[in-house]
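There are 2 protein chains.
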Amino acid sequence: MKVSNFDELLPINGMKLGTAFAGILDVDHRPDVVVIEIGNTSNTAALFTSSSFKAPPVIVSKNKISRKKPKYIIINTGIANSGTGDKGISDACHICDCIAELMGVDSDSVLACSTGRVGECLPVPKILAAIPEALSSLSVDGWEKAASGILTIDSGPKGVSKKISFDHEVTITGIVKGSGMIKPNMATMLSFVATDACIDDELLNYALKKVVNETFNQITIDRDMSTNDSVFLIATGRSGSVIDEGNFHVFYESLLFIFQELALAVVKDPIEAEHIIEVSVFNALSDEEAKKLANEVAESLSVKTAISNKKPYWGYMLVALGHLEITDFDTKLVNIWINGCHVVKDGAANKLFSKISDNVFDEFLEIRIDVARGRSVRKVLSNDVLHHAHHRSI
Amino acid sequence: MKVSNFDELLPINGMKLGTAFAGILDVDHRPDVVVIEIGNTSNTAALFTSSSFKAPPVIVSKNKISRKKPKYIIINTGIANSGTGDKGISDACHICDCIAELMGVDSDSVLACSTGRVGECLPVPKILAAIPEALSSLSVDGWEKAASGILTIDSGPKGVSKKISFDHEVTITGIVKGSGMIKPNMATMLSFVATDACIDDELLNYALKKVVNETFNQITIDRDMSTNDSVFLIATGRSGSVIDEGNFHVFYESLLFIFQELALAVVKDPIEAEHIIEVSVFNALSDEEAKKLANEVAESLSVKTAISNKKPYWGYMLVALGHLEITDFDTKLVNIWINGCHVVKDGAANKLFSKISDNVFDEFLEIRIDVARGRSVRKVLSNDVLHHAHHRSI
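Sequences listed follow chains A and B, in order.
For any residue, its number in my numbering is found by taking its place in the first sequence, counting from 1, and adding 568.
For any residue, its number in my numbering is found by taking its place in the second sequence, counting from 1, and adding 568.
So here's chain A without its partners, still in its complex pose:
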């Protein structure tokens, strides 16, 4: 499926990005190191993977950002520096220290992100050797090159920009990597979003948590939570517009658009994806139940197979809903619609399923599931990718 969300990326005053080739990936001389420079006056919020196995760069960055405002983030692709123990920690610190020394900043203000194969140590000398090139290429127009420089098995770069009219014009630009693919090699999600609006730390962190919960936390492909997932939201404040409680909802609407586009781009990324699947569970007993039910359907290999093959096996959605072993589930009250077609009626596959219109298997499948148990709702986004990319080189 072609990624259609890569527009021209607008510069953000106060943000520079530089890219270099370190030879970690060693594919077509593709850039594999990116440095992001965050101007003074900026605030930065970050969220990291909740895996109990956090990769060393996550441990290091999470620790540093609790102490200092970040000024640089260095990202490498190819090797995730995960499952590398103490050596991984010291490697990540060593790379940060190099930038700190060259740029004359405190080492705590330099963060690191890595993505790629798990269980291998970084080629630190190669990365150190590439840092000067990355720093010398720092540019406000560096977004597009950076969007490419953070990729692993992704089929293409993913990014989006948006302008909002406040007293001064405000711009938001974001990039993401993540193939949303059943991952054999590497499919960590990294995302960097910046705006020139001025937002205080508290509101910025609130905005990031809220928007990630409504976007990146609502995509699920293969049940594999990465050890390296990291998302950054930076507000440089250079536009002169201040976002506060009064105008937050206007800003948030655009921020949500940016994150929605990035999340969709991840789900659309694999060339093998023929269908995008949006599963909404309505009237669950609790938010937790709604989320679990939606995930079971969206992650079910049987459901994906049926959709991928355009087979009307609606029963597999019932099978997936059954996984949670809810004992007081009155299954006769379950109704399911796909793109408006009523495929499961009162807990049973609708007999008319063979006669329904072709739009059931459109590229975008909106699956609405009413479980008639309460009032909670949850939506998740997935795709119908079943196969692994192990044959693909990166």
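Hints are computed from structural coordinates only; laboratory data are not their basis.
Where hints are given, some of them may not hold.
As the list makes no split between identical chains, a pair holds if one copy fits it or if it spans any two.
[Said to hold, decoys possible] Simulated pairs of lysine-lysine, DSS-like, Cα-Cα distance not exceeding 25 Å: (1) Lys947 / Lys913; (2) Lys731 / Lys947; (3) Lys913 / Lys713; (4) Lys630 / Lys900; (5) Lys655 / Lys879; (6) Lys913 / Lys655; (7) Lys655 / Lys900; (8) Lys636 / Lys778; (9) Lys878 / Lys947.
On the provided structure of chain A, position chain B as indicated by the hints.
Structure of chain B alone, referenced to chain A:
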């Protein structure tokens, strides 16, 4: 992978099995209806799927067995009669009633099992028409034909027998269907095990729960819990040997062997399976934690992909262990061995992984994971099947 567990099946005094062709499957005129006759004096224990979406035959049989000792079980393959609502219930009852009338028994003593496609109604007239043929072919030697007659996409019949010396010789014979396959079409597990030992209801139920917990509940392939899973254990008492608390452990040892062989046969069934994976988690904080951690590793598509491709990506096991988001997990204490090779040492991929011996990727992979958190242990069995069988006809 060839299924090697199908031996000559020994008759059980008091049990007869008949097979017929109803044309539900419509593949090479393969038999698709099986009737099992359970002699008087027998006790029967049964366990059914814990899915919240139980198929009508499960609902009907569960209900009946709570009231009456079963005398007949009718099984059909091809269509699972699941997701069929009230129509499914009345269809299952109708089929049971037909046998009850023909054989002059109470309808409550006739149970039904179905396996096959979900969301379709049974072709009841076809099944009714096949019942006389199934009844007329009832034979103590019917086990092998029955083992074939319950299959769907399985690559072959699966069954095993064992004799035990008590005061009188006791025999146990069991058959199973289930492909252990990532299932697009049908992969319900059904199993019927019988012995001529005399065992009272309470002990029989205890034995079935215990043995299923140690075997069928420790295999996991694709996370899809079927709506039709049913396992029966029948004791006809005809050998004259009584099993009680005094000799139970001797009997149980053989029963465990039978169930272990059947469970292994399910995991080995798919021809695409190149590796059998046994994951044991040691020193977890609780039984529940041990089970969840073992399942995450055994079900991880990344782990399966790595094994299937013989790639030394031990890090994926750490990724899978991380899924549970255990906050106080000291990952530096995790050690993993594959067939004796120490691939993860103190939470990091062992640097020597590229030099380890070839036996790491033997057909049988024994993965031992020490999480150093407590004293609980759990073992699960899986395989490295990644692809779907949607291209296979049944």
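field: Unsatisfied constraints (hint numbers, rising)
entry: Of the numbered hints given earlier, those the structure breaks are 2, 3, listed in rising order.
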